[in-house]
Amino acid sequence: MYNKKRALYGISFIAPFFIVFAVFNLYPILYSLYLSFTDWDGMNLPSFIGLRNYSRLITDTYFYTSIFNTLFIWICSIIPQISLALFLAIILNQKAIKGRDFFRALYFFPNIVTPVTIGVIFSLLFDWQTGTVNKMLLALGIIDGNINWMYSPFFSRLIIGLAICWQWFGYNMLMFMAGLQSISQEIYEAAYIDGANQRQIAFKITLPLIKPVIIFVLITSIIGGLQIFDVPAMFRNAPQDLIRTMVMYLYETGFTRYHFGYASAIAYAIFIIIAVFSLISLKITNANKES
Amino acid sequence: MTKKITLALAIFVLIASLLTGCKSANEPQQSNQAGDQTNDQTGGSKELSGEIVMWTYFDQVKWQAESFMSKNPNIKVNVQVFPGDQYENKIRMVLQSGQNAPDVFDLEEAYVGKFIDNPALADLSAMGADKLLEDYAPYLVALGKDKSGKIKAVTDNGSPGGFWYNRKSAKEYLGTDDPDKLSEMFSSWDSIIKLSQDVVQKSGGKVHLLAHFSDAIKIEALSKKPFIEDSKLTIDPAWNDVLDTMRGIRSKNLDAKLDPWSPAWGAAINDGSVIAWAMPSWAGFFIDNKDGKANGTIGIAKAPKPYFEGATMRAIYDKSPNKDLAFEFIKYFTTDEYQVENLKETGNIPAKLSVYKNNIDTYTDPLFGDQKILKTYYDIISQVPAHPVDRYYRDSINLFGTAASEGITKGQTNEQIFNAFREKIKNAYPEIELDK
Numbered sequence: 001m002y003n004k005k006r007a008l009y010g011i012s013f014i015a016p017f018f019i020v021f022a023v024f025n026l027y028p029i030l031y032s033l034y035l036s037f038t039d040w041d042g043m044n045l046p047s048f049i050g051l052r053n054y055s056r057l058i059t060d061t062y063f064y065t066s067i068f069n070t071l072f073i074w075i076c077s078i079i080p081q082i083s084l085a086l087f088l089a090i091i092l093n094q095k096a097i098k099g100r101d102f103f104r105a106l107y108f109f110p111n112i113v114t115p116v117t118i119g120v121i122f123s124l125l126f127d128w129q130t131g132t133v134n135k136m137l138l139a140l141g142i143i144d145g146n147i148n149w150m151y152s153p154f155f156s157r158l159i160i161g162l163a164i165c166w167q168w169f170g171y172n173m174l175m176f177m178a179g180l181q182s183i184s185q186e187i188y189e190a191a192y193i194d195g196a197n198q199r200q201i202a203f204k205i206t207l208p209l210i211k212p213v214i215i216f217v218l219i220t221s222i223i224g225g226l227q228i229f230d231v232p233a234m235f236r237n238a239p240q241d242l243i244r245t246m247v248m249y250l251y252e253t254g255f256t257r258y259h260f261g262y263a264s265a266i267a268y269a270i271f272i273i274i275a276v277f278s279l280i281s282l283k284i285t286n287a288n289k290e291s
Numbered sequence: 001m002t003k004k005i006t007l008a009l010a011i012f013v014l015i016a017s018l019l020t021g022c023k024s025a026n027e028p029q030q031s032n033q034a035g036d037q038t039n040d041q042t043g044g045s046k047e048l049s050g051e052i053v054m055w056t057y058f059d060q061v062k063w064q065a066e067s068f069m070s071k072n073p074n075i076k077v078n079v080q081v082f083p084g085d086q087y088e089n090k091i092r093m094v095l096q097s098g099q100n101a102p103d104v105f106d107l108e109e110a111y112v113g114k115f116i117d118n119p120a121l122a123d124l125s126a127m128g129a130d131k132l133l134e135d136y137a138p139y140l141v142a143l144g145k146d147k148s149g150k151i152k153a154v155t156d157n158g159s160p161g162g163f164w165y166n167r168k169s170a171k172e173y174l175g176t177d178d179p180d181k182l183s184e185m186f187s188s189w190d191s192i193i194k195l196s197q198d199v200v201q202k203s204g205g206k207v208h209l210l211a212h213f214s215d216a217i218k219i220e221a222l223s224k225k226p227f228i229e230d231s232k233l234t235i236d237p238a239w240n241d242v243l244d245t246m247r248g249i250r251s252k253n254l255d256a257k258l259d260p261w262s263p264a265w266g267a268a269i270n271d272g273s274v275i276a277w278a279m280p281s282w283a284g285f286f287i288d289n290k291d292g293k294a295n296g297t298i299g300i301a302k303a304p305k306p307y308f309e310g311a312t313m314r315a316i317y318d319k320s321p322n323k324d325l326a327f328e329f330i331k332y333f334t335t336d337e338y339q340v341e342n343l344k345e346t347g348n349i350p351a352k353l354s355v356y357k358n359n360i361d362t363y364t365d366p367l368f369g370d371q372k373i374l375k376t377y378y379d380i381i382s383q384v385p386a387h388p389v390d391r392y393y394r395d396s397i398n399l400f401g402t403a404a405s406e407g408i409t410k411g412q413t414n415e416q417i418f419n420a421f422r423e424k425i426k427n428a429y430p431e432i433e434l435d436k
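From first to last, the protein sequence lines are chains S and Y.
When the letters of the first sequence are read in order and numbered with the working numbering, they come out as residues 1 to 291.
When the letters of the second sequence are read in order and numbered with the working numbering, they come out as residues 1 to 436.
Treat each hint with caution, since some may be false.
[Said to hold, decoys possible] Below, in silico cross-link-like pairs of lysine-lysine (DSSO-like), each with a Cα-Cα straight-line distance of 30 Å or less:
{"#": "1", "chain 1": "Y", "residue 1": "K150", "chain 2": "Y", "residue 2": "K436"}
{"#": "2", "chain 1": "Y", "residue 1": "K181", "chain 2": "Y", "residue 2": "K293"}
{"#": "3", "chain 1": "Y", "residue 1": "K323", "chain 2": "Y", "residue 2": "K131"}
{"#": "4", "chain 1": "Y", "residue 1": "K168", "chain 2": "Y", "residue 2": "K252"}
{"#": "5", "chain 1": "Y", "residue 1": "K131", "chain 2": "Y", "residue 2": "K168"}
{"#": "6", "chain 1": "Y", "residue 1": "K168", "chain 2": "S", "residue 2": "K135"}
{"#": "7", "chain 1": "Y", "residue 1": "K344", "chain 2": "Y", "residue 2": "K168"}
{"#": "8", "chain 1": "Y", "residue 1": "K319", "chain 2": "Y", "residue 2": "K90"}
{"#": "9", "chain 1": "Y", "residue 1": "K76", "chain 2": "Y", "residue 2": "K319"}
{"#": "10", "chain 1": "S", "residue 1": "K135", "chain 2": "Y", "residue 2": "K410"}
{"#": "11", "chain 1": "S", "residue 1": "K135", "chain 2": "Y", "residue 2": "K206"}
{"#": "12", "chain 1": "Y", "residue 1": "K147", "chain 2": "Y", "residue 2": "K323"}
{"#": "13", "chain 1": "Y", "residue 1": "K375", "chain 2": "Y", "residue 2": "K194"}
{"#": "14", "chain 1": "Y", "residue 1": "K76", "chain 2": "Y", "residue 2": "K62"}
{"#": "15", "chain 1": "S", "residue 1": "K135", "chain 2": "Y", "residue 2": "K257"}
{"#": "16", "chain 1": "Y", "residue 1": "K71", "chain 2": "S", "residue 2": "K135"}
{"#": "17", "chain 1": "Y", "residue 1": "K252", "chain 2": "S", "residue 2": "K135"}
{"#": "18", "chain 1": "Y", "residue 1": "K181", "chain 2": "Y", "residue 2": "K202"}
[As the list claims (entries may be wrong)] Taking CB as the label site, the calculated pair distances span:
{"#": "19", "chain 1": "S", "residue 1": "I219", "chain 2": "Y", "residue 2": "D288", "range": "46 to 52 Å"}
{"#": "20", "chain 1": "Y", "residue 1": "K410", "chain 2": "S", "residue 2": "L30", "range": "41 to 47 Å"}
{"#": "21", "chain 1": "S", "residue 1": "I49", "chain 2": "Y", "residue 2": "N89", "range": "20 to 26 Å"}
{"#": "22", "chain 1": "S", "residue 1": "S152", "chain 2": "Y", "residue 2": "E134", "range": "53 to 59 Å"}
Read the hints as simulated data drawn from the structure, not as lab findings.
Since this is a predicted model, take the numbers as computed values, not measurements.
Backbone N, C-alpha and C define an ideal beta-carbon position, used for all residues, glycine too.
Starting from the given sequences, assemble the full structure and let the hints guide the process.
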């Protein structure tokens with residue numbers, strides 16, 4: 001009787017979360033799965049069309065282009081982002097560095113700026129006619145005429161990748177610093193006594209010991225990076241075919257064209273792609289652990 | 001036992017509060033209709049009374065509702081403004097579900113075609129709208145008709161488009177700031193290209209006649225055959241000339257290469273480095289006119305083709321219990337009296353031809369100095385081609401505009417641009433049969 005009562009109290013305490021989750025998460029997830037098998041414009045009732053949305057998706061070149069764009073932008077973002085974050089974390093973890101707190105706050109600052117603002121700032125910086133970057137390069141005599149950055153398949157994606165990198169490197173730096181601070185000082189002291197130099201300490205002690213943090217950062221970056229939307233969406237001056245990411249395509253299909261059924265199918269395809277990438281990274285990590 | 005009941009009640013209240021959609025205070029209430037309506041001399045209704053809910057994306061509607069209520073004190077209009085691009089989605093969802101739907105709502109010209117054939121929009125023809133629109137510019141009537149020819153939405157503004165120009169720069173580089181002379185000079189694209197060359201030459205490339213070659217798309221689009229009719233895509237061969245014109249402007253560096261609606265484009269309007277921009281009549285907010293410093297510095301000339309851009313269309317929810325009140329509200333905006341008041345108070349250019357005719361020699365807007373802008377706009381509004389709209393009409397023009405702008409910038413041929421456009425149509429509307 002007593003246990004039953006306790007259980008009831010327990011259930012009543014956790015119920016609010018599950019109710020909210022069911023209403024605002026589970027129901028939309030299941031409903032969008034249902035919608036992915038329908039043709040629905042949001043005004044008439046959804047009509048069931050079986051797997052037609054998915055068969056269309058398989059042959060949709062726009063979708064494949066959006067996957068390519070997403071991966072391109074993600075790679076342009078993640079490589080400098082993690083390298084820079086790790087480098088700065090190791091530097092700022094040195095006790096000898098003065099003003100560490102100031103630099104931590106400074107590097108974290110871009111993360112509190114909204115992605116929309118970052119998108120607009122970079123879009124203006126690289127504007128073809130009035131952008132600061134072109135004006136600067138012209139003034140320095142590096143270029144003869146304005147470069148139309150946004151019409152270059154390489155530069156347009158690279159610039160968006162760098163904008164995202166600028167936004168997130170500070171956050172990842174803090175993650176790495178938290179990992180670094182959890183390493184026992186005794187290990188470093190032992191390394192000094194054994195005559196290890198800074199490079200050896202970094203590669204032989206620090207990096208192996210913060211590997212779990214690196215994995216965490218990598219996986220969250222994959223999940224977040226494959227869902228990029230707001231920063232590229234602010235680059236209105238770029239041909240959308242060059243910078244349209246998977247989530248931008250989902251938004252365009254759902255909320256510009258109002259093909260909610262097809263947009264739901266795209267959403268599930270994105271979910272599968274992210275799941276596959278996350279599983280691959282987990283697999284690689286586990287394989288390394290086993291070896 | 002008491003504890004159990006209390007616990008069960010608490011959980012019930014929690015679930016109920018989460019699952020129950022709060023009934024909106026804005027939910028339409030049934031109107032009290034005391035017999036047939038009769039209008040007084042000011043256009044107000046003495047007999048109808050009650051409250052209606054109005055949804056819009058346009059803040060000025062609050063002023064419009066005040067104006068209506070001052071003439072119709074028995075009818076209260078509860079205006080709900082939803083700014084931003086999610087309004088279209090919101091109204092779409094509410095019309096589909098019917099939950100808390102407004103009695104009357106606005107639809108932007110850019111997407112009215114997507115709604116016009118939906119049964120959730122009341123048939124205004126059956127309520128007598130045709131008679132109200134007898135003196136309207138024909139294209140504005142067509143804009144609110146569904147495929148069976150019934151009126152489903154009504155506007156109170158014409159939104160005619162023309163070349164707004166910087167008077168000082170026009171005088172310096174074109175030799176005149178007279179709107180009639182400039183309308184003549186801007187009457188063909190060949191003439192515009194020639195003028196553009198002169199401006200670039202005289203200014204040493206610092207000043208341009210046009211901000212972006214894509215102005216040609218919006219000016220020319222309404223004079224071309226619609227891209228999609230009867231679920232088939234056709235590309236009017238006349239677009240070849242337009243693309244050649246655009247290519248000519250860009251290849252000779254005759255435009256300022258400023259993307260429309262970009263910050264740099266907005267800045268050029270105010271600093272005079274671009275002389276003329278294709279602008280709709282409602283675009284005055286782009287002009288930096290703090291303390292009236294821009295008054296008298298802008299003029300309006302006709303573009304090579306008459307066109308319009310954007311108009312606020314007003315419709316009634318078919319299942320509204322207050323359709324009579326809502327129609328009274330819509331009817332008010334079609335009156336001469338209101339459209340004159342709207343013109344004078346807000347600068348919104350009217351939809352009704354009689355309002356132009358009656359004010360053509362007297363109305364001036366401080367921004368345009370002593371120019372009788374209704375004269376210029378009347379010439380435009382009375383010649384804009386009338387097209388029936390559907391869900392494809394405006395979007396297909398936009399998709400073509402994107403393909404053309406990107407194609408010309410990339411140096412593509414007309415055929416490559418047409419193919420890129422076909423790809424865009426195929427992706428956006430797979431049900432459409434392509435011409436190739």
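Outcome of the hint check:
no. : hint                        : result
1   : Y:K150 - Y:K436             : violated (34 Å)
2   : Y:K181 - Y:K293             : holds (25 Å)
3   : Y:K323 - Y:K131             : holds (18 Å)
4   : Y:K168 - Y:K252             : holds (25 Å)
5   : Y:K131 - Y:K168             : violated (45 Å)
6   : Y:K168 - S:K135             : holds (28 Å)
7   : Y:K344 - Y:K168             : holds (26 Å)
8   : Y:K319 - Y:K90              : holds (17 Å)
9   : Y:K76 - Y:K319              : holds (19 Å)
10  : S:K135 - Y:K410             : holds (22 Å)
11  : S:K135 - Y:K206             : holds (15 Å)
12  : Y:K147 - Y:K323             : holds (22 Å)
13  : Y:K375 - Y:K194             : holds (27 Å)
14  : Y:K76 - Y:K62               : holds (12 Å)
15  : S:K135 - Y:K257             : holds (15 Å)
16  : Y:K71 - S:K135              : violated (57 Å)
17  : Y:K252 - S:K135             : holds (22 Å)
18  : Y:K181 - Y:K202             : holds (20 Å)
19  : S:I219 - Y:D288: 46 to 52 Å : holds (49 Å)
20  : Y:K410 - S:L30: 41 to 47 Å  : holds (44 Å)
21  : S:I49 - Y:N89: 20 to 26 Å   : holds (22 Å)
22  : S:S152 - Y:E134: 53 to 59 Å : holds (55 Å)
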